[in-house]
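S.K.: This is what each chain is made of:
There are 2 protein chains.
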Amino acid sequence: TMCSNKIQASLLVVSYSTYLLLGAIVFRALEKNAEKEQKMAVIQMKEAFLQNFTRLTAADVEQFVKNLTEAVQRGVYPVGNESQTELSNWDFSNSFFFVGTVVSTIGYGTLCPKTAAGQIFCVLFASFGIPLNIVFLHQVGKMLSLLCERLGRWLYAKGMKKKKIKFLTLLFFLVMGILVFLCLPSFVFQVAEGWSYSEGVYFAFITLSTIGFGDYVVGKQPDRNYPPYYRSLVAIWIIFGLAWIALLFNL
Amino acid sequence: TMCSNKIQASLLVVSYSTYLLLGAIVFRALEKNAEKEQKMAVIQMKEAFLQNFTRLTAADVEQFVKNLTEAVQRGVYPVGNESQTELSNWDFSNSFFFVGTVVSTIGYGTLCPKTAAGQIFCVLFASFGIPLNIVFLHQVGKMLSLLCERLGRWLYAKGMKKKKIKFLTLLFFLVMGILVFLCLPSFVFQVAEGWSYSEGVYFAFITLSTIGFGDYVVGKQPDRNYPPYYRSLVAIWIIFGLAWIALLFNL
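Going down the list, the sequences are from chains A and B. Heads up, the first sequence is in full-length UniProt numbering, so the first residue is 1 and it goes up one at a time. Heads up, the second sequence is in full-length UniProt numbering, so the first residue is 1 and it goes up one at a time.
Treat the hints with caution; some may be incorrect.
For lysine-lysine, the following DSBU-like pairs were computed, each having C-alpha atoms within a straight-line distance of at most 30 Å [as the list claims (entries may be wrong)]:
1. B:32 with B:6
2. A:220 with B:114
3. B:220 with B:32
4. A:32 with B:66
5. B:66 with A:66
6. B:161 with A:220
7. B:36 with A:220
8. B:220 with B:114
9. A:220 with B:220
10. A:142 with A:161
11. A:36 with B:220
12. B:158 with A:114
13. B:66 with B:220
14. A:114 with B:114
15. B:36 with A:66
16. B:220 with B:36
17. A:220 with B:32
18. B:6 with B:142
19. B:220 with A:32
20. A:166 with A:142
21. A:114 with A:66
22. A:66 with B:6
23. A:142 with A:158
24. B:114 with B:32
25. A:66 with B:142
26. A:114 with B:220
27. A:220 with A:36
28. A:66 with B:220
29. A:36 with B:66
Which bits of chain B does chain A cover? Going by a derived footprint, with three or more residues having C-beta under 8 Å, they are [unchecked claim]:
30. 58–68
31. 88–97
32. 100–108
33. 210–217
34. 221–231
Hints are computed from structural coordinates only; laboratory data are not their basis. Being a predicted model, the structure only gives us computed values, none of them experimental. Even glycine gets a Cβ: it sits at the ideal position worked out from N, Cα and C.
Assemble the whole structure, with the sequences as input and the hints as a guide.
M.R.: See the structure below:
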């Protein structure tokens, strides 16, 4: 059964990864062109505004600001010129990131489907993706709880009472989790993103609680150089962090 | 025990409501002034831009657009003039709405704490608020499951087999839930918000799954007249909808 458990776990990891990969590809296909058109429209509006600058009135500026605000709220970033419309928000890497925020229900909302097809696919994709993610996190949680069991067995061998062991492993699990998933990553975010430490804690908590406001998102500042593997490290942090919280609620 | 259950339930409702009310008051106190200052700064930038219009260059417009984009991303809406800075996003009603999106982990992110004090309070508030919300939804879910039990007893009295009853009540629970919590509200949103029906379904699903992107939020379009009690109806829909989904996952 030890072996069949391993096969089951591997199958789960493979189907989970495949599901996310396929989702990312479909979202990219559905959203990429629509986004490009919207971005083009904003840039043209900006150019028309600049050409009219000798006849500008307060009302013109107000309308311009209103249009820009709506564009930004729709997720179109009106900075740059036409040549930069090639830099899509819906490249594979961003689409995969988006898919991860959907199945985990974090839902930052910095990237959202704008087409009707993309929105309908999002509903269907999440309907199966969220339960699949829960099963996957449960499997990861099992790995984490093995650590606790080992500590328990070690304490038992030292002659400690069972009740005391249970309390100590729980405390260990809580304190270690807060250190490893909240305090330590916040320090990494402080360095890599240039945030204050309390902003790092705030971001880490808002992410792992799956609130996911989207006011702070890692790896998104165009003027910063991120260390290699930064995004992968963040993904691993989110997966184990969510599994840890799910375990906490089940204990 | 029937009576002591009712007392317990009432106590839960009272402490849940009080917790949310107090949270809303604290967030408003922490965030209102900071928001006003930020809004003032954006409006002053806009006025300075307008006064310089005879000497505008492409680089000036680019910088202006960049500043505006950042302001909108930080949640400051740069539309209007100085007199409108009195209209705060952090009035009591919005602050209460915000608190609801925190404890439910929906986290639209259309309104977020910007001050360090507000962010730290948000972490503490959610640490106790999310578990409290789960307990509260569990209690609401019990009410919903009573409906299923009644249907089951009625079918049992009609002489139906237990296995068939279990399947039928589950099917009833699923189909009725989709109708009452997804299909019907989507139609209401279509009328009240002027969205397409598929946008309504998308919003309803993204909300009840607690993904909460924040690309669609109800009751937020300044140029629309919403029916009275619209917001209260939406709040009731969210509470019962979340309780329904939590029950589905536990069945």
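S.K.: All hints, please: hold or fail.
M.R.: Quick rundown of the hints versus the structure:
1. B:32 with B:6: It is violated: about 39 Å lies between the C-alpha atoms, which goes past 30 Å.
2. A:220 with B:114: This hinted pair holds, its Cα atoms lying about 18 Å apart.
3. B:220 with B:32: The hint holds at about 19 Å.
4. A:32 with B:66: holds (23 Å)
5. B:66 with A:66: Judged against 30 Å, a Cα distance of about 14 Å means the pair holds.
6. B:161 with A:220: violated (58 Å)
7. B:36 with A:220: Within the cut-off at roughly 27 Å; holds.
8. B:220 with B:114: holds (20 Å)
9. A:220 with B:220: holds (27 Å)
10. A:142 with A:161: With Cα atoms ~24 Å apart, residue 142 of chain A and residue 161 of chain A stay inside 30 Å; holds.
11. A:36 with B:220: Since the Cα atoms of residue 36 of chain A and residue 220 of chain B sit roughly 27 Å apart, the hinted pair holds (cutoff 30 Å).
12. B:158 with A:114: violated (50 Å)
13. B:66 with B:220: holds (25 Å)
14. A:114 with B:114: Roughly 27 Å separates the two Cα atoms, so the pair holds.
15. B:36 with A:66: holds (19 Å)
16. B:220 with B:36: holds (19 Å)
17. A:220 with B:32: holds (28 Å)
18. B:6 with B:142: holds (12 Å)
19. B:220 with A:32: The hint holds at about 28 Å.
20. A:166 with A:142: Given pair residue 166 of chain A, residue 142 of chain A holds - Cα atoms ~17 Å apart, limit 30 Å.
21. A:114 with A:66: The given pair, whose Cα atoms are some 20 Å apart, holds under the 30 Å limit.
22. A:66 with B:6: violated (51 Å)
23. A:142 with A:158: holds (24 Å)
24. B:114 with B:32: holds (10 Å)
25. A:66 with B:142: violated (47 Å)
26. A:114 with B:220: Status holds; Cα separation ~18 Å.
27. A:220 with A:36: OK: residue 220 of chain A and residue 36 of chain A at ~19 Å, within 30 Å.
28. A:66 with B:220: With Cα atoms ~15 Å apart, residue 66 of chain A and residue 220 of chain B stay inside 30 Å; holds.
29. A:36 with B:66: holds (19 Å)
30. 58–68: It holds: at least three residues are needed, and the region 58–68 of chain B offers 6 whose Cβ sits within less than 8 Å of chain A.
31. 88–97: violated (count 0)
32. 100–108: holds (count 6)
33. 210–217: holds (count 6)
34. 221–231: It is violated: at least three residues are needed, and the region 221–231 of chain B offers just 0 whose Cβ sits closer than 8 Å to chain A.
Of the numbered hints stated above, those contradicted by the structure are hints 1, 6, 12, 22, 25, 31 and 34, listed in ascending order.
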